[in-house]
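Number of protein chains: 2
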Amino acid sequence: MQSEPVLHNLMQALRCLPGVGQKSAQRMTLHLLERDRQGAFKLAQSLAEAVDKIGNCKTCQTLSSSEVCGLCSDPQREQQLLCVVETPADVMAIESATSFKGMYFVLNGRLSPLDGLGPAEIGLDQLAERIKQGVIQEIILATNPTIEGEATAHYISEMAKKHNVIATRIAHGVPFGGELEYIDSGTLSHAFNGRSEV
Amino acid sequence: MQSEPVLHNLMQALRCLPGVGQKSAQRMTLHLLERDRQGAFKLAQSLAEAVDKIGNCKTCQTLSSSEVCGLCSDPQREQQLLCVVETPADVMAIESATSFKGMYFVLNGRLSPLDGLGPAEIGLDQLAERIKQGVIQEIILATNPTIEGEATAHYISEMAKKHNVIATRIAHGVPFGGELEYIDSGTLSHAFNGRSEV
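So the sequence lines, in the order shown, correspond to chains L and V. Position 5 (the first sequence) corresponds to -6 in the numbering used here; numbering is contiguous. Position 174 (the second sequence) corresponds to 163 in the numbering used here; numbering is contiguous.
If we strip away everything but chain L, and leave its shape as in the complex, we get (with noise of 0.2 Å):
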């Protein structure tokens, strides 16, 4: 059993999943053979399509099929909004959540000089020369609320305002259903201060 060298690749290669360890990866391949080999089958056309055909989108830089996302070719949406963001994976929670009807840009990332991320690697060259374009009149910055992503924001901020761009950045505070006492200081001091008159 252990020297079936097939069975063996399928269980190593399961472990590129996030979260997927050496006992999780012996389950998965265990029911995918004993009891689901349609789903294994179709899971193998699927990620093979994906890594062929997904690459990024020339515009916003989001994952996409087409040299230009269906967002950014979308004409419905309101092309002087542009909302920048860290990942793809921001621009999906934004999009099931709010109405907001603007562009993205997705970085690759966020600033973090440590890790050899700066201005270039993230692209914000491409983000530059967007803005240049003189289409886009607001930025709202929607990277995270932690270190990097505060300096990220900063950074984008300046070179809106070098080009009379108005930069927002969306409110930290409280979450809705949260309870005052379980919240951590830094949220509660940023609530405080970015309070709004009733």
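What the hints contain is simulated information worked out from the structure, not anything from laboratory work. One or more hints might be untrue.
Any copy will do: because identical chains look the same in the list, a pair fits if it lies in one copy or spans two.
Stated by the list, open to error - In silico DSS-like links for lysine-lysine, alpha-carbon gap of 30 Å or less: (1) 12 to 90; (2) 47 to 12; (3) 42 to 31; (4) 150 to 31; (5) 47 to 150; (6) 12 to 31.
Chain V: place on chain L using the hints.
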């Protein structure tokens, strides 16, 4: 993004894996495409190869890429000892934990009349054939200690008796490192009934 069918298909396909829901599938999809395309490519290949090549060993019914698996065709193993288990995963567990050097027979599950699993469905006909050949002298019953597993073990022990083959059951009791205080009553009473002289 939501309208990107290639990504959507991959997310759906990943959900055939046990324990993977919508959120995990999305995380896996983005991780593979943004950070580990080589891993994704290799996974697609391994899956396709496994689905194509892995069948059941015609002697012991375990998963195997050859007609007879490595364990069954190994001349070094003791042909007169046969260990009966419920799944290929049990074979892996026994191989890695014990020094057992006999043969295996993998049932296709366990007797469970309510789910339509009778003796023929779980491969007991093939097991009877194998016992009739006269090589096996002892059958080690290593089905799980559940109601169905016990019933299956009992059924096979009756089969063995008919052909004058010894049937033994692996020991059940307090697990190593377990504390009596926290052991369930069924296991504890089993451990008392199965006590042996020191």
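- Query: 30 Å Cα cut-off: does residue 47 pair with residue 12 within a copy, between copies, both or neither?
  - Reply: Between. Shortest inter-copy distance 27 Å satisfies the 30 Å Cα cut-off; intra-copy 40 Å does not.
- Message: At most 30 Å between alpha carbons: which applies to residue 12 and residue 31, within, between, both or neither?
- Response: both (23 Å within a copy, 19 Å between copies)
- Message: Regarding residue 150 and residue 31, is the shortest C-alpha distance of 30 Å or less found within a copy, between copies, in both, or in neither?
- Response: neither (49 Å within a copy, 46 Å between copies)
- Query: For residue 12 vs residue 90, is the C-alpha pair at or below 30 Å within one copy, between two copies, both, or neither?
  - Reply: The answer is between: 24 Å across copies meets 30 Å, while 44 Å in one copy does not.
- Should residue 42 paired with residue 31 be assigned to within, between, both, or neither, using CA atoms and 30 Å as the limit? Answer is both; intra-copy 16 Å and inter-copy 16 Å each pass.
- Task: Evaluate residue 47 and residue 150 at a C-alpha cut-off of 30 Å and name the case that applies: within, between, both or neither.
- Result: Result: close within a single copy only, 24 Å intra versus 73 Å inter.
Consistency with the previously given hints fails for number 4 only.
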